[in-house]
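S.K.: In numbering that gives the first Met the number 0, the protein residues as written are 0 to 274.
A hint or two may mislead.
Think about it this way: if two alpha-carbon atoms lie no more than 30 Å apart in a straight line, the pair counts; the simulated BS3-like pairs of lysine-lysine are [claimed, not checked]:
| id | residue 1 | residue 2 |
| --- | --- | --- |
| 1 | K163 | K143 |
| 2 | K139 | K119 |
| 3 | K247 | K1 |
Computed spacing ranges between beta-carbons, pair by pair [unchecked claim]:
| id | residue 1 | residue 2 | range |
| --- | --- | --- | --- |
| 4 | Q54 | R169 | 35 to 41 Å |
| 5 | D250 | G107 | 27 to 33 Å |
| 6 | P115 | N27 | 23 to 29 Å |
| 7 | S205 | Y106 | 36 to 42 Å |
| 8 | T120 | Q239 | 29 to 35 Å |
| 9 | Q239 | A91 | 32 to 38 Å |
| 10 | D250 | K51 | 15 to 21 Å |
| 11 | V161 | L32 | 45 to 51 Å |
| 12 | K51 | I244 | 26 to 32 Å |
| 13 | G33 | T82 | 36 to 42 Å |
Honestly, the hints are just simulated from the structure, not real lab data. Owing to the predicted nature of the structure, the values given are computational and were not obtained by experimental measurement. Positions of the beta carbon are idealized from the N, C-alpha and C atoms, including for glycine.
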Amino acid sequence: MKCISIDLDGTLLNSQHQISEENLEVLNKLQELGHCVILNTGRAYADVIKLKALQNMELPIFCINGSILYSAARERLYEATLTTSAYEEIFAILQGLGVGILVYTNYGGFPSTLPPLHGKTKEELNSLFQEFNYDEILEKDNLKIYKLIALLQENQLDKIEVVKTALTGRTDISTATSFPNIMEITSIEANKGKALLRYQQMMDLSFDEIIAFGDGGNDLAQFEVATTSVAMGNAPLAIQQKADIITKTNDEDGFAYAVRHLLDLLKTDEKISIS
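With the sequences and hints as input, model every part of the structure.
M.R.: Here you go:
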């Protein structure tokens with residue numbers, strides 16, 4: 000059995016944040032062939048299941064860069080959190096740098112998760128971050144903090160390196176730049192690669208191959224544990240250089256193209272359909 004681990008935004012999803020019919024067909028065929036198909040995303044669970052194409056599919060979902068693992072039956076298998084003290088320290092650093100801050104928790108995202116912010120203007124984002132009272136987060140009962148996102152405006156992109164430097168040396172966190180303007184911060188126990196290895200162990204599985212698809216910095220961890228890594232044509236050059244294979248872009252059904260033509264994973268299925 001092969002494991003096919005797939006990022007969502009910029010990979011399986013096109014620029015309209017939708018799954019094309021071609022990609023959906025390939026997902027279904029991979030499952031029919033008995034492969035383990037996993038969604039391995041930085042998104043929160045609630046933002047994954049909003050995608051109509053996925054709502055009736057039974058497949059494991061790894062959320063928030065491996066912070067929470069769900070089985071195909073939507074059972075929560077594992078979660079990794081940031082300590083309150085780590086959160087307060089990192090929050091203070093990010094606030095001091097003047098970047099937008101998103102906080103992913105068991106109560107949802109504050110002041111939002113990332114997907115709803117697509118298309119927001121600079122002014123709208125500034126209002127969102129300036130008006131939100133972050134003190135309310137720590138007042139919640141049994142709070143679990145999964146991730147912080149440092150979100151930069153277009154004129155702040157040089158600050159990504161400043162954020163990286165400010166967090167250098169911490170041994171309790173994982174960091175990844177999923178997009179040029181986004182820094183994601185999770186527990187040291189949470190990244191997409193560790194999630195794959197953890198799931199394999201927890202479910203007592205032995206994958207013949209792990210094939211990982213992605214387009215961003217948070218996908219490098221799954222590239223590292225994969226037998227074959229596939230970067231999207233829309234991925235930054237630095238990500239493509241870390242991959243074994245480069246496919247077409249997410250707007251050209253690059254996932255489906257790689258499965259059908261570069262990896263030939265549906266060969267058996269295609270022979271059956273021809274006969």
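S.K.: To test your reading of the hints: which numbers does this structure violate?
M.R.: none
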